[in-house]
Amino acid sequence: MIEEIGYSALVLAFGMALYGAGAAAFGAKRERPELVESARRAMLLSWPLISVAALAIIALLVSGRYDVEYVAKVTSSTMPPYLKVTALWGGQEGSLVFWSWLMAAFASAAGLRRWDRDRDLLPWVIVVTMITLAFFLSLVIFVENPFRRLWLDPVGNTVTAFLRPAGARPLIPADGQGLNPLLRHPGMIIHPPMLYLGFVSFVIPYAFAIAALVARRTDDRWIRVTRRWTLVAWLFLSLGLLLGGRWAYDVLGWGGYWGWDPVEIAAFMPFLSGTAFLHSVMVQEKKGMLKHWNVLLIILTYVLVIFGTFLTRSGVLSSVHAFAQSAIGPMFFAFIGITSIVSVRLLLDRWGTLRGENQLNSLISRESLFLLNNFLFIIILAVCFLGVIFPLVSELFTGQTVTVGPEWYERITGPLFAGLLLLMGVAPLSAYGSSSWRLLGRQLWVPGSVSLLVPAGLLLAGVGNWAAVLGFWLAGLVALVTLYEFWRGALARHRRHGESMPVALVRLAGRNRRRYGGYIIHLGVVLMATGIIGIELFQTETQGTLARGEQLNLGSHVLVFQGLTQFNTPDGREVSRAELSVYKDGRLVGQLFPRQDFYIAANQPMTIPGVRSTLEEDLYVLLVGWEPIAQQGATFKVFHNPLVNFVWLGGFVFILGTLVAAWPDRETAPLRRSVQAAAWVSGD
Amino acid sequence: MTSQVDSGGRAKFLIGGLLIVAAVVYLIVSSTQAAAQYYLTIDEMRSKGDQVYDRPLKLAGAVDGPSIAYDSQTLTLSFSMANVPADLDAIEAGGGLAKVLHDSLLDPQASRLQVIYIGPKPDLIRHEAQAIVTGQLGQDGVFRADELLLKCPTRYEEEVPLQVVEG
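Going line by line, the protein sequences match chains C and Y. Just so you know, the first sequence maps onto residues 1 to 684 in my numbering. Just so you know, the second sequence maps onto residues 1001 to 1167 in my numbering.
Keep in mind that the hints were calculated from the coordinates and are not lab data. One thing to keep in mind: the hints can contain errors.
[Claimed, not checked] Not the full set, but computed from the structure, chain C residues with beta-carbon under 8 Å of chain Y:
{"hint": "1", "residue": "Leu-363"}
{"hint": "2", "residue": "Val-383"}
{"hint": "3", "residue": "Gly-399"}
{"hint": "4", "residue": "Gln-400"}
{"hint": "5", "residue": "Thr-401"}
{"hint": "6", "residue": "Val-402"}
{"hint": "7", "residue": "Trp-487"}
{"hint": "8", "residue": "Leu-491"}
{"hint": "9", "residue": "Ala-492"}
{"hint": "10", "residue": "Met-606"}
{"hint": "11", "residue": "Leu-622"}
[To be verified] 27 Å max Cα-Cα, derived DSSO-like pairs, lysine-lysine:
{"hint": "12", "chain 1": "Y", "residue 1": "Lys-1151", "chain 2": "Y", "residue 2": "Lys-1099"}
{"hint": "13", "chain 1": "C", "residue 1": "Lys-287", "chain 2": "Y", "residue 2": "Lys-1012"}
{"hint": "14", "chain 1": "Y", "residue 1": "Lys-1012", "chain 2": "C", "residue 2": "Lys-286"}
All C-beta atoms in this analysis are idealised placements derived from N, C-alpha and C, irrespective of residue type, glycine included.
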């Protein structure tokens, strides 16, 4: 019963999406506003319908209906209820429904805004969002149906089908397969929804850009309307990437957080193009330039979002090989191909109407530096893409499959990221229009010379790694310039309005949220860069087998093995837990309990590191092996990760800055009220 | 509003852009020479003879469960893996990755490779997992992996205890 309700809701939502797209396009062409309004209502209906389908899946998951293939695949009876609910996005079918649900929610939210200034955009926003929604719904309806059940045909074969095949009996497994224990981590549970929120949110600015092209609007209205959507998209994408990194650090046990895996890169690429977009739209708003470029960037971001969903939809651990086995691969590529061709064709068609209103005339003007920033982001994006397709390209040209790994990516993107840091230090001090080296030099020389204290200090302290010295210097420069900007702005307010410095600082950021939010993001990047340099260039490791009471040294740390305990837990784990005392510079600083959990049902061990975290460093200890009977000896692998917590701290500051930049301005508050009023009226 | 194109100005930007592109191309070429690995099946590696020794290679194979040995004193993991095709169509034709891994281990003719990896024993290593190893083949015919990636395709029909009810 629940399956039928859920599936029907999906089919109805699919119908609404198709009708909405068709009616909106037809209504706009024939200038029949009532049709557009009807399309808008169809769009608003899609969300409750998909909600019904999503709730149906959750009901099946929670009630343990293992005769439903999806339920048997992603849950098991030993899983706690909250994990059963979140199993909605634990597999491919559910993820696609979840994606569609978010898409419908975001489209509806856009549909509820006040449209009077942009009536001409509305129908095409409906068309774009509803076509995207229809595509994802078609995947779940026709190919990856989450409501398929398991049957046993008369010959005794297991069959999966939504409707009962002739002569088949229902097959009810006693238990499901369950979520891979490696994925049972809070970071991994909220990581996919965050990524998806980011992905889906980017569809809205794309929809407005296409709508503006179709409606022949050449102003920057679409950018202003979608500024917050873009920031929200970016916020969630950043959060998703950060959580994924944290999960890898906590769970995968190699003491790292980013492995340049194609799946990671697939999520990183829309982030790169989105970041370029966030910067370059400012140039269009300020100077009326880069109009073609901005449309192109948002098209690229949209395509990368669809591509990223395709690569990541079945979870982080799936192999690239597994994708080709599903029929939805060709459908994705067809959809990506068609949307990019149509979008680019439309842009070329309107090319002449989107001329820039100004010319670049100085290499070091603010707009040129923004352009350079975009250039670097796109090059990094291209390198990432090249890395992902390298095996295909090499096979095509040389007949040999050649792959590239982290070292390849790091060697190429390292200097590019350094270039971005340098820009981050210089660009905030440059002026729009005609800037000169002299003008820039006058702004830059104070923070520039103070920042030289960083490399000087490092060299005096005996740090010989030139890449680290350069990286830390750039980070120092950005930090100084950014703080200098805050100080200068606050000082001006202090002088003009007589506000105390703290008040002036808060009001300064409050009055110009985008700019100062952006600066806070830059500070976050500086902290993250510090952490990345620390762990990438100064990580050390050791390993050893210890009898009870023996010790292992790593740098200034000493670990003493105290003993090992083994016990079973009610949720089906066999736990082996070691106890170690940690001494730093000869002083006892704490105990660590690295352990290994063996999930009996899944026949899967899981290594959980013992970590001693301080701002300065992490001591990351893995229990690798032990003597089960004597329980006397155990083997450990130990990583010393200097500064790694700056990565997470920087991530936090980064998110904070994004929130500041995305926070609604005071001027728009009345507008928001009227949107709610409009929603209330239209819902009445 | 459009001012006249300043050709000197445009040249500056072009030269700057080209310099950056040239630098990136150089980085890509040099990194590819230094850090790219050949991705081969065990069969392909065998057919190459001597030229594969001591060069960075990436190989995929099916892990043979009984051969897995781990010395926790020295953190040395050793196992043998059987050849599996790298071609997606071949895997598809063979009935999917899980089936291909299963079959290749049953096939006495399939070529095998002994692998040694030093480090913590990965949680995912088990019989019929797909291993992707990066490292070098020594003259002794043993592959020394610097990196070990494991993938376990799921076959829930066989893993889940089934209970059939009349309906």
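Of all the hints given earlier, name the ones this structure violates by number, lowest first. As far as the earlier hints go, 3, 7, 8, 9 are violated by this structure, in ascending order.
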